[in-house]
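Visitor: With the sequences and hints as input, model every part of the structure.
Listed in order, the protein sequences are those of chains A and B.
Each step along the first sequence adds one to the number in my numbering, with nothing skipped, and position 41 is 22.
Each step along the second sequence adds one to the number in my numbering, with nothing skipped, and position 565 is 554.
Hints listed in this document are in silico derivations from the structure and should not be mistaken for laboratory results.
Check before you lean on any hint, since a few could be wrong.
[As the list claims (entries may be wrong)] Pairs of lysine-lysine residues, derived as DSBU-like cross-links and limited to a Cα-Cα distance of at most 30 Å, are as follows:
1) A:Lys431 with B:Lys493
2) B:Lys17 with A:Lys431
3) B:Lys593 with A:Lys527
4) A:Lys431 with B:Lys338
5) A:Lys78 with A:Lys214
6) B:Lys338 with B:Lys417
[What the hints assert, rightly or not] The following residues of chain A were derived to be distant from chain B, with all beta-carbon distances above 10 Å:
7) Gly205
8) Pro530
9) Gly549
Ideal Cβ positions, reconstructed from N, Cα and C, are used throughout, including at glycine.
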Amino acid sequence: MTLNGWVQIALFLALVVLATRPLGSYMARVFAREKTLLDPVLRPVERLIYRTTAVDETREMDWKEYAVAMLLFSAASMLLLYLLQRVQAVLPFNPQKLTGVMPQHLAWNTAASFTTNTNWQSYGGESTMTYFTQMAGLAYHNFVSAATGIALAIAFIRGVARRQMATIGNFWVDLVRATLWVLLPFCVVGALALVSQGVVQNLRPYDTVKIVEPQQVPHLGTDGKPTVDAAGKPVMDTVSEQVIAQGPVASQEIIKEWGTNGGGFFNANSAHPFENPTPLSNLIEMFSIFAIGSGLTYTLGKMTGSQRHGWAVWGAMAALFLVGVLVAYSAEASGNPLLHGAEQHASAMAPGGNMEGKEVRFGVANSALFATVTTDTSCGAVNSWHDSFTPLGGLVPLVNIMLSEVIFGGVGSGMYGMLIFVVLTVFIAGLMVGRTPEYLGKKIESYEVKMAMLFALIFPLIILIFAGISTIRPYGLAALGNNGPHGLSEILYAYTSAAGNNGSAFGGLSTNTPWYNTTLGLVMLLGRFWMKIPVLAIAGSLAKKKYVPASVGTFPVTTPLFSVLLIGVILILGALTFFPALSLGPILEHLLMNAGKAF
Amino acid sequence: MASKKSIWDPTIVKGASLSALLKLDPRKMMGNPVMFVVEVGSVVTTILLILHPHQAFGFNLQITLWLWFTVLFANFAEAMAEGRGKAQADTLRKARSETVANRLLANGKTEQVPSSDLRAGDVVLVSAGELIPGDGEIIEGIASVDESAITGESAPVIRESGGDRSAVTGGTRVLSDQIKVKITSNPGETFLDRMIALVEGAERQKTPNEIALNILLAGLTIVFLLAVVTLQPFAMYSGAPQTIFVLVSLLVCLIPTTIGGLLSAIGIAGMDRLVQHNVLAMSGRAVEAAGDVNTLLLDKTGTITLGNRQAASFIPAPGVSEDELADAAQLSSLADETPEGRSIVVLAKEKYNLRGRELHDHHAEFIPFTAQTRMSGVNLNGFQIRKGSVDAIERFVQENGGTFPAEVRTLVDQIARQGSTPLVVAEKQRGALGVIELKDIVKGGMKERFDQLRAMGIRTVMITGDNPLTAAAIAREAGVDDFLAQATPKDKMDLIRREQGDGKLVAMTGDGTNDAPALAQADVGVAMNSGTQAAKEAGNMVDLDSNPTKLIEIVGIGKQLLMTRGALTTFSIANDVAKYFAIIPAMFAATFPVLQALNIMHLKTPQSAVLSAVIFNAIIIIMLIPLALKGIKYKPMAAEALLRRNLLIYGVGGIVAPFVGIKIIDMVITMAGLA
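Guide: Structure, rendered in structure tokens:
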């Protein structure tokens, strides 16, 4: 680990801290429908949308209506994306003459993936999707799936803040305002900033260039495996040209991070020089991933009238983030003990540590930081290959997602996920002060506990069951790139990433198969929508409750002690659920690596 | 009946052991999802043990036995709590023994019937020495009654018809006089019957918080079931499949058996603790509500102040010496047997060294207090001394041709403003001599208790019939947060509604029939046992000692109950960390020796590690039974401090304790050659 690395991590966190308050209070204003600077531009657009869609913006919904609106909207959007992919060949903006996305299970997987804000990619962007699909299908979902998440978080916060009310807001209004006020303006500015760093933005066909040094690569047969000649020697092809993919990248790149989506325009995601060309663009992208999640803690404080509670939640998130970065960075910086010949010490000439699968322009610190940030949230963009991390370095992203992505978290989803943990913390620890538990004046009773447990249950259920099946069935094992504990990590990571709507891939697992495409798609949908229903149910139930005024006898949710408790509950619940699986995956791999065995 | 038995009283332990076995009935176990899972696991391992007796029999047998012990220990905990209640119920039952009642017939004669034949509405005659045959209300007469069978208090109490002390309880004994009692409840529905049912736990229903906690525990159980079930495919993938014995062991260790096994015992014991304080809660819900109370309404008289006012000082009128006034005041009170009167004599003696005199020789004539004159006094050697309220004395002075000095009037106002009651003393010829200040005496230690309540976030409101001036002064002295002066039953009701409207939970005590609506409205309404039947029906608790201060203890018991639940839940979950470090390396170290690195306790063998974890998991239930029954230590303090303290003991302690415990058990069973 180097001072330079730590300074970059500190700089990143400082930016996030600085943005939290202004962004948080701005969002509180937006969703309370108070005046903002952007109203003169956006208000007419908003009114036009309501007029054309016949939405009554003054009407409030109870939680069930809210849930139904959210589900219908998502279902319609998902269907749209599925169809779009299937017929993209005949639609405009297709300079590469790409065909429709075949097979159907891939189109299903991708539709599920983008609707759920997961952006798991079983396809390679530049070789599969036309510019039109990228813009009208994928980018559209990047906006609305993020806006849906934010809307739900706001609805939940309203539930906590409101007293004896049956309604929690209007889904359509929250969706539109989240898109127009919270996402669009920042994306315009952010996209321009990325373009300044060299991210491309065009509709041109791909370039073909002569490469400076022709390369010899193995010739692949029809079965996709290297072929050998009669003498048993591998047949080699000479490559002297390279196709350089183009496209409207910047506009999609920024929402990929700002909305914690994570689906790359190109297959290489943020490791691709056209998506993430410089350390500065890297910083902009990481900041964008955390900004809304962090800001929402301030919004929480503002809307519930307890700013200190907002900061207590922020503190818990920040502490968990720092632990993750520390572990990942130190694991990656210490390199691989099995590589004796390679220079793994940081020096003026070498980045040091484990550089396999990392971009030289980012180095170890910014790769470890990016991996932590992208899995703390539900983003899933990657600027390095998680599969090539050391076992402990790779454990961090996996554990981050397993903790339900509540460390700042996906836009909105991180906030409501965290608030479910707050409800559980208040319930478990709240009894210890000798009162029936209450959260910001709302009694936590059996209904809330039931729904919170349902939320907490669905997540491990869908991960462990599908991962369990995949580890013992041939159609699961066939896709593995590695065996041993590393292979287990790959399968575990895939389902964890899908359930958490993260979308980052550990890699090493060829998931473009009927089994994985179908089940991962299902897991993504369950992980998103099945978990949202209990969230809305709690919001509706809390909104109806009477407010119990706080006193010194009330369980404190505003103190550092509360932050510590919250961290404890998150870690213990997450760790207890996944420890057995992890012990056979990354933990075993780490111990075996130290004993001299790699996979 | 409030006799405290030791936790491990042999008769209770014996009964509990038996009923622990009976509770294995799966239909009964279903009510407790956590322990039901353990029972199912035990059945599964037992069957496998019988089917495959040749594989690792010693180890598998021990695991199976300890799994059964886990279930039994949890049942035992519940049975212990119930047994303690039953022991109290038996004592009560003795009081319910069949008696013969003298039922009054329409013609005025009485007939002798067994008490079990009495119905509500019957009127019975009870004479000195007889047991009162059923719950009822005195409609004629006054008697002293020995209620020790119910309250454990040996001093007899006075019960009389009319007013707020007319209720009598079946099974209590009349010591003097004769009363006519109208029976108010049918056999089987008497107060005593209800009490017996309650302490036995027969009518016990799960309370709201208990239900919520059960849901949490059931949810955790499913999560762990999932983690363990899916561990097998991962283990098979890794080439290290596990036996069912080990998997069931892991499951049982992970699911929250400690709190799952003790949860109902905690609830029963909470009711039990109330009974030990001679308070009877009509439902467990009321006990929980007591922990949540935000506002306490306390009657001034008897709760905050001693029942009676006492003379505090003599303030003479102009031209009168203090000694003269004290002398006159004492003379006027020598025959006054009211507590106020006696306190005047005592004050004169202590402060002015005036001895009480025997006045019969001096042809003294005592003038008793009457509602018409509203003063009392003495005629002695031609002097006429009177004391009484300012208006009465003013009239007395004026009737005798004197003038009532303005200075005395000012004095009277001053005293009233300080929260004391002025009594004016006058002599027929000399006119007004001065004023006696009668003060409400705040009970010792009340200020500290109110401070404690405030530290816990509970507001106290004093209810009094006094005027606002007096009330304010006493409120200040006693340190209550607020007061309601000149309170009518309606005012009280309005106050409760207002507090509840703000989302607060209110507790109060009451005894009169006019308290009944407020008692019913309050979240915790404690009726005094000496009160009317209406009051007892309206409240959700009855204090058998009729001690209004008890409300503070009741709140404490409610809080202690909730805290015990929270603490043991935290402890139970925190325990799992160590169990993982015992069992996971044991499961896989044979295939992957590097996983020994996780065996941080250095447990001897995989078998001893699994067994130690299972044994620890079982005996921790037994070890925590006393804590569950007695409740965790409770001291009034702010929530933050309370949380920090309990978190340190039960959270951090819960993580550390099993590391130590499992290591010790591992050493013991290795030495004993069991694994």
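Visitor: Could you work out which earlier hints the structure fails to respect and list their numbers in ascending sequence?
Guide: 3, 4, 5, 8 and 9
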